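Q: Below, each chain spelled out in residue letters.
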Amino acid sequence: MDLLDIEYQKYKLENGLEVILHQNTNLPLVSVNIWYRVGSANEVKGKTGIAHLFEHMMFQGSQNVPKEKHFKYIQEAGGTLNGSTSFDRTNYFEKVPSNYLELALWLESDRMGFLLPALTQEKLTNQIGVVSNERLERYDNQPYGLAWETLISYLYPERHPYSWPTIGHMKDIKSYTLDDVSSFFNKYYSPANATLVVAGNFEKGKVKDQVSKYFSELGSSGNGNITSLNNFPNPKLDKNVFIEKKENVQLERIYLAWPSDKAYGKDDSSLDILSDLLTGSKSSRLTNKLVYEMEIAQDVSAYQFSGKYDGHFMIIATAKPGITLERLKDEIFKEIENISKNGVAEKEIIRSKNVIKSSFIYSMQNSDVLADQLNHYNFYLGEPNSFNFDLQRYEDVTTEYLKNVTEKYINKPFIELQIKPI
Amino acid sequence: MQILERSQKPGAKGEIQFSLPEIQEFRLNNSLKVLFVKKDELPIIRFNLITDAGGKYDTANKKGLANLFSRVLDEGAGNFNAIELSDEFDSLGTNFNINCFNDNLHITLQTLAENLDKSLELFATVLTSPHLDNKSFGREKRKVITALQQLKDSPDEIADIAFDHIVFGKNNPYAYPVVGYPNGLENISTEDIGSFYKERLGPADSTLIVVGNTTREILEEKLNNYFSDWKSTSSNPQLSFPNFSYGSKIYFVHKEGLVQSEIRAGHIAEERSKGNFFSKHIMNIILGGQFSSRINLNLREDKGYTYGAHSRFNYLKESAQFLVSTSVGSEYTGNAINEIIRELNKIKKGIKKEELAFAKSSVTLRFPGNFETYGQIASNLVSLVLHSLPQNYFSTYLNSINNLNEEQIIQAAVENINTDKLSILVVGDKNLFLEQLESLNINEIIELDIWGNPVL
Chain A
146 MDLLDIEYQK YKLENGLEVI LHQNTNLPLV SVNIWYRVGS ANEVKGKTGI AHLFEHMMFQ
206 GSQNVPKEKH FKYIQEAGGT LNGSTSFDRT NYFEKVPSNY LELALWLESD RMGFLLPALT
266 QEKLTNQIGV VSNERLERYD NQPYGLAWET LISYLYPERH PYSWPTIGHM KDIKSYTLDD
326 VSSFFNKYYS PANATLVVAG NFEKGKVKDQ VSKYFSELGS SGNGNITSLN NFPNPKLDKN
386 VFIEKKENVQ LERIYLAWPS DKAYGKDDSS LDILSDLLTG SKSSRLTNKL VYEMEIAQDV
446 SAYQFSGKYD GHFMIIATAK PGITLERLKD EIFKEIENIS KNGVAEKEII RSKNVIKSSF
506 IYSMQNSDVL ADQLNHYNFY LGEPNSFNFD LQRYEDVTTE YLKNVTEKYI NKPFIELQIK
566 PI
Chain B
5 MQILERSQKP GAKGEIQFSL PEIQEFRLNN SLKVLFVKKD ELPIIRFNLI TDAGGKYDTA
65 NKKGLANLFS RVLDEGAGNF NAIELSDEFD SLGTNFNINC FNDNLHITLQ TLAENLDKSL
125 ELFATVLTSP HLDNKSFGRE KRKVITALQQ LKDSPDEIAD IAFDHIVFGK NNPYAYPVVG
185 YPNGLENIST EDIGSFYKER LGPADSTLIV VGNTTREILE EKLNNYFSDW KSTSSNPQLS
245 FPNFSYGSKI YFVHKEGLVQ SEIRAGHIAE ERSKGNFFSK HIMNIILGGQ FSSRINLNLR
305 EDKGYTYGAH SRFNYLKESA QFLVSTSVGS EYTGNAINEI IRELNKIKKG IKKEELAFAK
365 SSVTLRFPGN FETYGQIASN LVSLVLHSLP QNYFSTYLNS INNLNEEQII QAAVENINTD
425 KLSILVVGDK NLFLEQLESL NINEIIELDI WGNPVL
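Respectively, the protein sequence lines represent chains A and B.
Take the position in the first sequence, starting the count at 1, then add 145; the result is the number in this note's numbering.
Take the position in the second sequence, starting the count at 1, then add 4; the result is the number in this note's numbering.
Source of the hints: derived by calculation from the structure; they are not laboratory data.
Take these hints with a grain of salt, some might be off.
As the list claims (entries may be wrong) - Here are the simulated SDA-like pairs of lysine to any residue, each with C-alpha atoms no more than 25 Å apart in a straight line:
| id | chain 1 | residue 1 | chain 2 | residue 2 |
| --- | --- | --- | --- | --- |
| 1 | B | K307 | A | T322 |
| 2 | A | K565 | B | K174 |
| 3 | B | K17 | A | N511 |
| 4 | A | K268 | B | N339 |
| 5 | B | K253 | B | S443 |
| 6 | B | K307 | A | K353 |
| 7 | A | K353 | A | N160 |
Predicted model only: the values in this text are computed from it and were never measured.
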């Protein structure tokens, strides 16, 4: 039996809603997970944060669901739920006891089809307050909390859809009107712009009728299918960019960022492995050197961020008291040079591959994680059952390829952000 | 066009079948108690080792010892140095983590079934022959000291630490942060780490929880094989946890430039084994334990002061605290505190039938979902151990909840929420909230440093 080969059924309703079903009867639980193909990338400058604010409005009730009841009905049924917004997509999910599947389908379909009749200024004003506080709590009031939005604003060209943060700018968040919210709904929240995953314990002979009962009658508003964004410049740095910020923090921190490959691009998995062998464990190159041997960094981390349209590679290090960021930077670049000249050992790559492989199995424990992953693969690859394909991308990475990728992306101009105490 | 009659919320369709996992208990030859749940869906085996070696054992001038020990414990063992040991686990794809809390040290290991032997061998090596050497000790100590400096940047962590300090009072071991204090850490030596290991880390003071794809027979044989060299310690220190009583006061920690106020409001509470746990639990679900609870609906969904607000009973082994926590825009500090106090008083006056029905329903129907993952089952077993709960705790759980009535819930609020003895703590920029605190009609306002000590 191949654990990573997931059996599923995929089909479309007449209104364009894509449906993916995956049955697992081990436990009396079922997960409902919807991805709308809209995220903050679909916003424009000056109107940032609406995709995320809109996600909040989706929990404010719809024609047949009074305010505050969406959460309440699911929790009353013993379920868990939430939603989230990224550059590329917005997702909504519930996990409920399997005899409450129809409750989740009813709630999701009611807001997919009939959100606007229940929309009021009072709800919008309230959620603008909540989201403003979310921004304060998670970004403005956090140490180094604004680093991400500073970096992407320099890394991605001005008209690039990843050049502003998903949470949005405070001025924009406060500016939204009911019209903005309605037009956003009409443009992006059509069944044809969404995929519904039902994963877990359901009755095979019944589930299609249940889905159809709640979703088939929903009309496709707006244009239906949203075409991909285009007509924006790709990130490309001709020379290094240096930014320094003074903030209310104790320790100095350096951020280095390079434009890299997009999600599932041909170098994406190699860059993941590169990040792991730089900082993924105690024995990884930078952690071992900066944190263990030299003790010049309190922490160091690297990762490959990749979205539908573009990606970037980051290294972040916090200096120990009395250590300059220049020193950290020197050591980081010495290691990068070392890798691009001498490559890496087979053993290092095997370690990363083993960690990744077992994490795939561990992730199967949770039916809502699995449901979201099916939607993820379907969105980025067009094929929900891509666990083995995904794993193979990592298996295929060789020491030679890793060396080339380092040369191709990391031995290139970069953004450097230094954050220092006031 | 809307054809389906949508106005009626669909109810449950039929009944679900759920049976509790069976817990098997046995002891190893070295007297380590093992709780095992067999779970076969995936080739995963998960271990949680709970050891009576938490921060509460730290002595007055060496706060932070237990936590520092937990960080040095896996920095090299047997034939492997720190880096090699971590490599060994990684090459197996095995997750291995050590965490220190007030009461206990928790070691978790998650492995694929095919690597069970190799993972157990490494696990046992860490327990029986850790290096605890000078080099690792010095490095980890310096890391913790730097982390304590960084803590000044995090208003939520400051609030948690300072709040524990004022609520438990300085004679109670729970009043002190597990991470310790910079000056206390300076007093700790490698020898202290070695003695802590010898005195506190033994099988007789531990419980091993195992959830996974194996059988009791295989597990028992392998554990006896790998863990046989792990021998018990002799020491049994006695601690006391005096209750601390005080009137209602407001405390604040000033940090210039913060744009929100972190708020904590609460007091010491009875430990889990006292009173009716279930009525307190349901009362708290109604009050602030969930998104749809009163406090969050008021402060977030009605007023828009915050991204979220919650209440909870935080149960430790020998004591507990009841607290409300939230983070609000600075301009709402006073109003938010007023609303919190209003909610705490209001729930003592009564609850609606629907609220009780909602709380019962959400807790009981959620119950099967708490046993989905290997990790969830293991952490349910952890709470059995931590609070010495009876064997039939899970099998009687649903009845215990379903039997509760409104009077018991109100009684739980009256007996366990004391608004006259409320400690209220605000961490933020005092220039933005001090006037609001002064208008609150609470006599004393006391400024604290980030560790919860009065600023003189």
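Q: Of the numbered hints stated earlier in the document, which are not met by this structure?
A: Hints 2, 6 not satisfied by this model.
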